[in-house]
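J.: Sequence:
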Amino acid sequence: MTAPAFTARQLAREIGRLSPDWRNPERYFENRHEIERALQRLARQLEKQ
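Position 17 of the sequence shown, counting from 1, maps to 931 under the working numbering, and the rest follow consecutively.
Calculated directly from the structure, the hints in this document are not laboratory data. Ideal Cβ positions, reconstructed from N, Cα and C, are used throughout, including at glycine. Each hint should be verified, as a subset may be incorrect.
Beta-carbon label-pair distances, calculated as ranges [to be verified]:
| hint | residue 1 | residue 2 | range |
| --- | --- | --- | --- |
| 1 | A957 | D935 | 23 to 33 Å |
| 2 | P939 | A917 | 31 to 41 Å |
| 3 | I929 | R958 | 10 to 20 Å |
| 4 | R923 | R946 | 17 to 27 Å |
Using the sequences and the hints, build the whole thing.
T.: Set out below in structure tokens:
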């Protein structure tokens, strides 16, 4: 399991790079959903501490 701070930094970088893909518009929403799920996992992990 990775440290919460490391995970948060990774997610922050992903959010910073998140932008619409004009060749594949669905990719933006897929990536956004992946980030959302990762944030939910991180929140659950922090609640257990």
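J.: Each hint: holds or not?
T.: Against the structure, the hints:
1. A957 x D935: 23 to 33 Å: At roughly 27 Å between Cβ atoms, D935 and A957 fall inside 23 to 33 Å, so the hint holds.
2. P939 x A917: 31 to 41 Å: 34 Å Cβ-Cβ, so the 31 to 41 Å window holds.
3. I929 x R958: 10 to 20 Å: 19 Å, holds
4. R923 x R946: 17 to 27 Å: The hinted range 17 to 27 Å holds for R923 and R946, with Cβ atoms some 18 Å apart.
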